[in-house]
Amino acid sequence: MKKRTLTAGLAFFLCWTALPLILGVGYALLYSVGLVGLLSEGFTLVYWQRVLTHAEFWVDLGYSLSLAAGAMLLATGIALRLVLKHRHSFKQGLLSYLIYLPLAFPAVVAAFLTFQLLGPRGFFSRIALSAGLIATPEQFPAMIHDSWGTGILLTHMAMAVPFLVLLFIHTWENERLDELGQLAQTLGAARRSRTWRVEVPVLIRSSRPTLVLYFLFVVGSYEIPLLIGRESPQMVSVLAIRKLQQYDLTARPEAYIVVLIYLLLVAVLLRTLLVSPTNPKQP
Amino acid sequence: MKNFTYTLFVCFCTWLLFGCQTASKNPGSSVSDSLSWEEIEAAAKGSTVHLMMWQGDPQINAYINEFVAPQVKARYDIELKTANGQGNVIVSALLAEMEAGKSSSELDLVWINGETFFQLRQINGLYGPWTGRLPNAAYLDLDNPFIRYDFQQETDGYECPWGTVQQLLIYDSLRTPAPPRTRQELEAWVKAHPGKFTIPNEFTGMSSLKALLADFGGGRESLNGPFSEEKYIRLSTDMWAFLNQLRPYFWQKGETFPAGVAPMHQMFASGELDFTLSMNDCEVDNKIRQGVFPASARAYVPDFGSIRNAHYLGIPAASANKAAAMVVANFMISPEAQLQKRNPEVWGDGTILNMEALPADWQEKFSNQPGRKFAPEKSQLLPRAIQEPAPEYMIRLYEDFRTHVIETPVPSL
Amino acid sequence: MKKHPFFGVVVATAILSPLMLLGIFSIGKGWPFPKIFPENWSLQNWSDAFTASSGLGQSLGLSLGIGACVAFLATISGFFSARSLAKSSRKNTWLMLAYLPYVLSPVMYAACLQVSFLFLGISGKITGVMLGHFLLAYPFAVILFTGFWNARMEAMAQLAATLGANPVSSYLKVLFPVAKGVLFVCFFQTFLLSWFEYGLTVLIGVGKVPTLTVKVYQYVTEANIHLAALAGCLLVLPPTLMLWINKRYLFTRITL
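Residue numbers (the numbering used here), protein chains in the order written: chain A, 1 to 283; chain B, 1 to 413; chain C, 1 to 256.
Because the hints were derived from the structure by calculation, they are not lab data. Wrong hints could be hidden among the right ones.
Stated by the list, open to error - Heads up, incomplete: computed chain B residues facing chain A, CB under 10 Å, no partners named:
1) V89
2) A192
3) G195
4) F257
5) E272
6) E345
7) V346
8) R402
9) P411
10) L413
Claimed, not checked - Some chain B residues near chain A, calculated using beta-carbon distances under 7 Å:
11) S92
12) S270
13) S296
14) Y398
All C-beta atoms, glycine included, are put in the ideal place defined by N, C-alpha and C.
Turn these sequences into a full structure, and let the hints guide you.
So this is what it looks like as structure tokens:
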């Protein structure tokens, strides 16, 4: 391949990835220190100070991270169990098609369904009422707009589990875990060791990049917390856009600061959790 | 390295070229004062007007999409398109355009009032003065302080009145035979019925807070006049204290508040809430007819009053279709459009026209229009109307509701 | 490994019931409490939906058009640029860079780039929304194809060159056929990326580009659950069709 084509391809790539990033981050930085913006008054660090010292941002960030971590851990656990015990069911027949179906649902529709199904006067609440499980609708557990973000957690889990099941099944095939596990057994490993010392570690290690990426997706999700989240604490994306469109126009830089800190966090997490420079084969 | 920079440069240029397609659009310029109305209408022919409006009510959407849009198309050959957004979304969008130095705006007409108008004028985001140039402006009821002043501000021709509303509390007469009339009665009622009352964290909710604030101030006139920081701090401290001690009895124990009125209406209909609020005083009629509210739903204004205001149409300063926007606005304030809008079966929104200024046949049509069946008539609501206070109150309420209520932990019972 | 017949039934029900409920919500008119299912089932919602005033038909076409364009452009450009990337010595750095727009919340990315879009005059326009989606879809395509352009593929390309094929025919006759599977997967995945996108669309489009996701959100804020469910059904339809054609189009493992 000619060198010129090589550099052209690379330049094209940089043009559409690095350039927008630089433009976007650059503008956000300038706005955050008051150097651009219609109502800006010159260089100032007061907005940075405000965001960093105000508890709201850290609470929302912590909330987003822990909610995403919880969803991922639970979803991974469920998916692992499904794959370890039932993967043959997903390899042929109707289930092998059906398991792909949840991937056809976008976040907006998933959030809408969660609201209609799990809401205080939703589908399940009505069933519980007619079945006599609860006497009044108020007794139905609050899952939407609650302080734990149960609705958000469950929606993300419902979307993540099928994806992870497919991921693990594909990884299983790629890493030839059937044979590997057999090998372990012939070498004397007990059933339990085979699962917990061979199969699960290989699955997790091979899927780690995808798991990390999915986790970051969930942290930055927008549509789901927008529809079924609470006013406070909010997930980071909702917080950023709210600050961008808030009534106090002079506090707009705060929105860009939230974005910048989030970007830094994502970049750091990506770097540490994803790239292992020593082993060239392992991502 | 030279090759690299060269190809990078070429790619950058393709990036720019990709985008710069709207050079053909004329930059936003004023509609010259020397033009007559006929010339303005002629200039508007064949244009497209983008209206940014609140789209949270299907009947309002139907009125615009199924009445106004076809009419302006048939009469003036103007294409009316709508986009969803209100208040801070409009301000944010126009501010972003100005910061980017855009010469022509994406929006041509915006449905605004109050604090939005205030902020847009702050950033010189509105075109004007233009309302005086509309032929139908002669019919505007500008002697009415509720129409002439937008949150205590002179409109100065920068926004055109479009309709009037008064806030109402909606309840179910079967579930709540004796709705509370005073602040004390409201407090007692909420404590007796935990989880059945709340306010939305948006325009309607903040408007109800203004009524409460006025009550703390001692009367419906107490918030009139320019913004007073001292008055605001004094009254709001009492109000936040009042709300926070009541919060544990609110819906969801006051830990969260609905983000819009439409979900609140749904919750009221399903029985989750016993009250809902609306800025449309004909809401009860509309929703009963749509089958959303039970037939026993009714609406009222508490003794301490409720906000009555007008809503307006503005034209962004950088709009490229100002002539067309003016023509559309002129139609929207025409007796015909106002009559249709006032029909309880269509929207039920109050008119901003001065009945006495209208020709006799129009006066007759307006007075013969069937009234509302379930909501109180406007004449009954007027004695308890509170005029909108200065816009700074609204802006502060939005911010402080967040800091003093949403972000404050709910006091334990 | 024991086969639990009950398991299949449980899982199938869990997966199919949300879809069925979505369909039921879309054909009902009114859902008074405490009825379990909506009332007045009829197809009128669906026939009304495609009348001129609701604009759902237009949104469907718009979303399809934007998705197809973005998918095509991202797939083709990703296919070619990934080759350069794969051969570069700093491959991992570039891939890290490619991940950033992909995992940064699209709506935050849009917030930062809003000014640039306004400056270019494409804010509030279909081209603007397309470019925004492209900025998300292209890095994804690059990441996908970088895995494709491994040593074996390069060797194949070299072989074709040594056997006398010029670049064009080596692509047309050798590389495209071999890459057919990945090309299709990428096309459909990037299509879905654009098809499902909401936050970026509404911010860059200033609400003026009414894709299907924008419509769903609009109906939800209007508390119109029937039309929201209808728009949701329309959203779910193409991916479900893709599943029917080749289930692999719906899922791909992003690898380095």
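Now the hints, each set against the structure:
Given hint, B/V89 at the interface with chain A, holds; its Cβ is 6 Å from that chain's nearest Cβ, closer than 10 Å. The criterion of a C-beta within 10 Å of any C-beta in chain A is not met by B/A192, whose closest approach is roughly 15 Å, and the hint is violated. About 6 Å separates the beta-carbon of B/G195 from the nearest beta-carbon of chain A, less than 10 Å, and the hint is met. Contact between B/F257 and chain A, as hinted, is supported at the beta carbon level, the nearest pair being about 6 Å apart and thus within 10 Å.
Because the beta carbon of B/E272 sits about 5 Å from the nearest beta carbon in chain A, less than 10 Å, this interface hint is met. Taking 10 Å as the C-beta cut-off, the interface hint given for B/E345 is violated, the closest approach to chain A being about 28 Å. Because the beta carbon of B/V346 sits about 29 Å from the nearest beta carbon in chain A, more than 10 Å, this interface hint is broken. With a cut of 10 Å, the hint placing B/R402 at the interface with chain A holds, because the nearest CB-to-CB distance is about 8 Å.
With 10 Å as the threshold, the beta carbon of B/P411 stays out of range of chain A, its nearest partner Cβ sitting at about 15 Å, so the hint is violated. Contact between B/L413 and chain A, as hinted, is not supported at the beta carbon level, the nearest pair being about 16 Å apart and thus beyond 10 Å. This hint holds: B/S92 has a C-beta 4 Å from the nearest C-beta of chain A, less than the 7 Å allowed. The beta carbon of B/S270 is positioned within 7 Å of a beta carbon in chain A (closest approach about 4 Å), and the interface hint is therefore held.
With a cut of 7 Å, the hint placing B/S296 at the interface with chain A is violated, because the nearest CB-to-CB distance is about 18 Å. The closest approach between the C-beta of B/Y398 and any C-beta of chain A is roughly 5 Å, which is under the 7 Å cut-off, so the hint is satisfied.
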